[in-house]
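Listed below are the residues making up each chain.
2 protein chains.
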Amino acid sequence: MRASRFLIATLKQNPSDAVAVSHQLMLRSGMVRQLASGLYTWLPMGLRVFRKVEAIVREEMDRAGAQEVLMPVVQPSELWQESGRWEQYGPELLRITDRHDNRFCLGPTHEEVITDLIRNELRSYKQLPANFYQIQTKFRDEVRPRFGIMRAREFTMKDAYSFHLQQSCLQDTYDRMHSAYCKVFNRIGLDFRPVLADTGSIGGSSSHEFHVLADSGEDDIAFSTASDYAANVELAEAVAPTDERPSPTQEMTKVATPGQNTIDEVSKSLEVSPKQVLKTLIVLGEEDEAGNQGLVALVLRGDHELNELKAEKLVGVASPLTFAPDAKIQETLNCSPGSIGPVGLKIPVLVDRSAAVVADFACGANKDGYHLTGVNWERDLPLADTADLRNVVVGDPSPCGKGTLEIKRGIEVGHIFQLGTKYSEAMRATVLDENGKEQVMTMGCYGIGVSRVVAAAIEQNFDDNGIIWPEAIAPFQIALIPINMHKSEAVRAKCEELYEQLTAAGYDVLFMDEEKARLGVMLADTELMGIPHRVVVGDRGLEAGTVEYKGRRDADKQEVVLTELLTTLQSNVKAL
Amino acid sequence: MRASRFLIATLKQNPSDAVAVSHQLMLRSGMVRQLASGLYTWLPMGLRVFRKVEAIVREEMDRAGAQEVLMPVVQPSELWQESGRWEQYGPELLRITDRHDNRFCLGPTHEEVITDLIRNELRSYKQLPANFYQIQTKFRDEVRPRFGIMRAREFTMKDAYSFHLQQSCLQDTYDRMHSAYCKVFNRIGLDFRPVLADTGSIGGSSSHEFHVLADSGEDDIAFSTASDYAANVELAEAVAPTDERPSPTQEMTKVATPGQNTIDEVSKSLEVSPKQVLKTLIVLGEEDEAGNQGLVALVLRGDHELNELKAEKLVGVASPLTFAPDAKIQETLNCSPGSIGPVGLKIPVLVDRSAAVVADFACGANKDGYHLTGVNWERDLPLADTADLRNVVVGDPSPCGKGTLEIKRGIEVGHIFQLGTKYSEAMRATVLDENGKEQVMTMGCYGIGVSRVVAAAIEQNFDDNGIIWPEAIAPFQIALIPINMHKSEAVRAKCEELYEQLTAAGYDVLFMDEEKARLGVMLADTELMGIPHRVVVGDRGLEAGTVEYKGRRDADKQEVVLTELLTTLQSNVKAL
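Heads up: the protein sequence lines correspond to chains A and B, in order.
Residue numbers for the first sequence follow numbering that gives the first Met the number 0, beginning at 0 and rising by one.
Residue numbers for the second sequence follow numbering that gives the first Met the number 0, beginning at 0 and rising by one.
No lab work stands behind these hints, which were simulated from the structure alone.
Any given hint could be a false lead.
Remember, identical chains collapse to one label, so a pair may be satisfied in a single copy or spanning two.
What the hints assert, rightly or not - Result set (SDA-like, lysine to any residue): computed pairs, CA atoms no more than 20 Å apart in a straight line:
1) Lys125 with Ala516
2) Lys515 with Asp379
3) Lys125 with Leu280
4) Lys51 with Asp61
5) Lys549 with Gly368
6) Lys51 with Glu67
7) Lys125 with Arg1
8) Lys182 with Ala54
9) Lys515 with Glu433
10) Lys125 with His485
11) Lys11 with Ser123
12) Lys549 with Pro469
13) Lys515 with Ser123
14) Lys421 with Thr331
Keep in mind the model is a prediction, meaning the values are calculated, not measured.
Turn these sequences into a full structure, and let the hints guide you.
Quick look at the structure:
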C-alpha cells in the first residue's frame with residue numbers, strides 16, 4: 000500500500016479523554032475515531048488489524064467444525080420473553096420500538112435467536128453435536144462506556160453455540176473449542192491464560208475465561224509457575240498448609256491496646272508480624288426457620304484477605320455475604336468490631352486453614368481496648384471448623400499440585416461456558432433421541448471479543464514510541480521509508496523497485512511515498528503505528544549499496560547490503 | 000465440506016408466505032430463515048454465497064482505490080439534525096433512545112457519519128480525492144417488508160463515499176467506480192445493465208443504477224440492442240422521428256361517436272389504428288403571478304403513454320404534474336375530457352414529437368359525442384410546440400443513435416450518484432485549496448446491496464428444480480453423490496478418494512456423505528441448492544470404471560471414465 004493512497008491519521012498529542020493506553024494509541028495511530036460515547040468508526044489502519052483478527056478467528060472456528068451463520072442485530076422481544084431475559088436483563092439491553100409498535104432489542108448476545116433457530120431446524124439426535132458461530136455486531140448500552148474499544152457500546156463478537164444430548168458430547172465440543180481458542184490467541188501472538196471461571200451453580204470446570212495478561216487488566220489472574228493451571232484470584236483455592244502447627248511457646252496474655260483496631264496498628268504496637276495476628280470478621284448467618292439471622296465469626300491471618308465468594312458458599316453463612324452492622328455486633332457481643340477475637344466467642348466460628356496452623360498468635364480480646372497475645376489453638380480455645388476463606392497470594396502452592404502461584408492482571412478476551420439447559424428448557428429446544436423420545440438439548444456457548452482483542456493486543460505490546468504489533472495482526476509487516484525522495488531520483492527508483500519486489504514476495508508493505516514527507520515524522524509515525532519491520536532508503540546508503548533495517552523491538556538499526564535485504568527480512572519477518 | 004457436518008435444511012414444500020421466486024428458493028434450499036418480519040438469519044448454505052459476493056465486492060473496491068472503513072450501525076441524532084434529515088426522513092428511519100435519553104437511529108445509510116469523519120480528518124486538497132467504503136449492516140424500517148432478502152429491514156450494503164474539490168475529480172472517481180461495479184457484476188456472472196437514473200435537479204449523467212435483468216424486477220429498463228445504452232423507461236428519450244409527415248389524403252370530417260371516450264373505443268368504431276388516433280390530455284399549467292393556474296393540452300399518439308416526469312419539466316406545465324379535474328375542463332372547454340381534441344382548442348397545446356408526424360389522424364371534436372377524422376397538422380390546425388412527452392416503447396430508435404430499444408424488467412442492486420455538496424455544505428466539510436482558502440468538498444456516493452445481489456442472482460438463474468448458481472458465487476462448485484454408500488465399500492472408498500482429490504485440486508466440494516441418504520433426495524437437494532456440477536458414484540459405473548457427470552444447466556448426464564474425470568471437470572467448471 001502506498002501511504003499517498005491511504006488515510007494515515009496519526010495524532011501528535013494524546014487525546015485528553017483517553018485513559019487506557021490502547022485507547023490513546025488507537026486514537027494516536029489513526030486506527031479508530033469516536034462517533035459518540037461508546038461508538039467508534041474503524042479507520043483503514045485499524046480495520047486492517049481488525050480483519051486480520053477476524054480471519055484468524057474464522058479459520059480456527061471452521062477448523063474446529065463450527066458452522067458460520069449470520070443472525071440479525073435486531074431481535075424480537077417475544078424470544079427474550081420466552082427465555083425470561085426481557086425482564087431480567089438490565090438497561091444494558093437497548094430496547095427499541097418499530098413503526099408498528101412492536102418491541103425489539105439490539106442483540107447484546109444471541110442465545111435466544113440461535114435456540115429458536117435450532118429448535119426449528121434440528122429434529123434428531125443424529126444431527127448432534129451441532130455448533131454454529133457468527134462474527135457480528137453487538138450492542139450493550141453500557142452506563143459508562145470507557146477505555147475506547149475495550150468497553151464500547153457497539154462492538155464485534157465471535158459468538159458460537161453448540162447443541163447436544165449428552166454431557167460427554169458437550170464436554171467434547173467444549174474441549175475442542177478450548178483448544179481452538181488457544182490456537183487463535185497463539186496465532187495472534189498473545190501471552191494469555193485460559194482461566195477457570197465462576198460457573199455459579201453449575202460447578203466443575205465448565206467455564207473458562209481467556210485472559211490476555213497486561214498490567215492494565217481489570218481482573219487478577221492466579222496461575223502456576225509450573226503448569227497451565229490458571230484461575231481468577233477469587234476462584235483459586237488456597238490449599239491447606241501441609242505443615243503441622245508449631246507447639247505453643249508463649250503464655251496467653253491480655254494486653255491493653257487502646258484505640259488500636261486495625262491489623263496494622265495492632266501488629267506494630269505488639270511488635271508481631273501481621274501473619275501472627277488473627278483477624279475476626281463478623282458476618283450474618285443463614286436465616287433460621289423463624290427468619291432470624293445470627294452472627295458467624297470468620298477468622299483469618301492478618302496478612303490474608305477474605306474471599307467473599309468462598310465464604311458465602313459455606314454452610315451457616317448468609318449468601319450474598321453480608322457484614323454484620325456494628326450496632327448488632329455491639330449488642331450481641333458487647334464489644335466493638337475491632338476488638339473481637341475467637342477466644343470465648345459465643346457464636347459459630349469458622350477458621351481459615353492457614354490461620355489454623357498459626358501458634359502463639361495475637362487476636363482481639365472481646366473487650367474494647369484489649370488484645371490477647373500468645374494464644375494457641377486447642378490450648379486456649381478449641382479449634383473451630385476450618386475452611387478455605389481467603390484469596391490466594393503470590394507464592395501460595397498451586398492447587399494443581401505443581402509449582403507456586405503467580406498473580407498478574409488480565410483482560411478478558413474470550414469466554415467459553417457450558418450453559419446446560421437454561422435456554423433450551425425455557426424455549427423447549429428438543430430433538431428426538433434414539434428411542435424416538437423428545438429430549439431437551441444441552442448447550443455450550445463460546446465468545447471472543449474480536450474488537451477487544453485488538454485493544455488487548457496493544458495493552459500487552461507497546462512502548463513509549465507507540466504500538467508494537469504482533470506480526471500476525473500488524474496492519475502492515477514492513478514500512479518502506481525513503482529519505483528525501485523528492486530530491487533523489489536514485490532513492491525514488493530504488494524504493495519503487497523494492498516496493499514491487501517486496502510486495503511480489505508476499506509482504507504487506509506500507510511505502511511511505513508522500514512527497515516531501517520528513518524522515519523524522521515518518522519514523523515516528525511508523526513506530527507509533529507499530530509496524531514490525533522498517534527499511535530506510537537514503538542516498539548515502541545507496542552509494543555504499545546498503546539500506547537500513549530495524550525491527551520494531553530492536554534497540555539498534557543495522558546496515559544491510561542491498562543484495563542481502565530479502566534474506567535479512569526472511570529471517571526476521573515471522574512467517575504467518 | 001461433508002454434508003454430515005453441514006446444516007442442509009432443504010424444504011419440500013413452498014413456504015406459503017413466500018411470493019418471490021428468490022424468497023421461495025432461499026427458504027427451500029435452506030439459505031435463510033425468517034426471525035421476524037424483514038429480519039433473516041443466514042444459514043451456513045446461504046452465508047457461503049453471501050461471503051463470496053462480499054469478497055468480490057471488497058476486492059474490486061480495493062482495486063478501485065477505495066479504502067475500507069467500518070462505521071457504527073447506531074448513529075447519533077445530532078448529525079442527522081445537522082444534515083436536516085432527522086426531520087425529513089420518514090418512519091423508515093428507526094429512531095431509538097438510549098439509557099441516558101439520548102437519541103440515535105439505526106443507520107439506513109451513512110452520509111452523515113462519513114461527512115463528519117472526513118471534515119475532521121482531511122485538511123488539505125492534497126488529500127483528495129478520497130474514497131471510503133464499508134460493508135456493513137443497515138436497517139430500514141420498511142412499512143411492509145417483502146420478497147424475503149430482497150426487501151428486508153436489516154440487510155447488508157457496501158456503501159462508499161468520495162470527496163473532491165473539482166467536478167472533474169469527482170467525475171474521474173465516479174467513472175472508476177462505474178467500471179468497478181461492472182467488474183463486480185461481471186465477475187459474479189450476472190446479466191445486468193448500468194442504467195441512467197433520475198438525478199432530480201442535478202442533471203447530466205451523474206447517476207446510474209445497476210439493474211440485474213429479471214422478469215420479476217420492479218423497474219422497466221430500456222436498453223439498446225446495439226450499444227450499452229440503458230435507462231429507466233421513465234428517463235429514456237423518445238427521439239424525434241426522422242421521417243417527414245406524409246401529405247394529407249383525407250378531408251377533415253366530423254363523426255358522431257356517442258358514448259365513445261377511450262382510444263380503444265374510438266379506434267374500433269372509426270376503424271383506424273390507435274396510432275392514427277391522437278389523444279389530448281388536459282393538465283394544470285404553471286401558476287401565474289396572481290396565483291392562477293390555467294390548463295395545458297398534451298397531445299400524444301393513441302398507442303403511446305404519457306411520461307409524467309418529462310411533462311412536468313416543460314415550461315408552462317405545473318410540477319408535480321396534475322391532471323385537470325373534470326369539472327374544470329367542462330367549465331373552461333365546455334366539453335367532457337373524452338371528447339377533447341387539438342383543433343380550435345383555446346388553451347396552450349404541446350404535441351409529442353411522434354404525434355406531430357401523423358397525417359390524416361382522428362381526435363376529439365371538442366364537442367361531446369363527436370370526433371374528427373382526416374385531420375392534418377398545418378392544414379386543419381397550426382402545429383403547436385412539440386416536445387418529448389411519452390414513454391419509449393420497444394422498437395423505438397435508441398437515443399444513443401445505435402440500434403433500437405428493448406425493454407426488460409430489472410432489479411436494482413447498485414446505485415452510484417454524484418451527490419454534490421448536499422451534505423458537505425450542510426455539515427461544513429471543507430479543506431484548504433491551493434490558495435489556502437477553505438472550500439466545501441463535493442461528494443459522490445456508491446452503493447451495492449450485498450444481500451440483495453444474492454436474491455437477484457436467483458431471480459435471474461433458476462428453473463423448476465431450483466437455483467442455478469453462477470459459478471463465482473455458488474455455495475459449492477461440485478456435489479459428490481454416492482449411491483448406496485452404506486451398502487458398498489467400493490463406492491465409499493472411491494468417494495472418499497475423489498473428495499480428497501477434488502478438494503486438493505482446489506474445488507469447493509459438497510460430499511453428500513450422510514449414511515443411508517436416498518439418491519433421489521440427494522439429487523433433488525443438490526439441484527435445489529443450485530450446485531453447478533455434480534458427480535454421482537455408483538457400483539454399476541465403478542465396475543465399468545466410470546462415474547456420472549452432469550452440469551446443473553445440462554439436459555443430460557454423461558458417463559465419464561474415472562481417469563478422465565478431472566479433465567472433464569477442468570473443462571466444465573469455470574475458473575474463478
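Which numbered hints does this structure break? Hint check: 2, 3, 5 and 14 fail, others pass.
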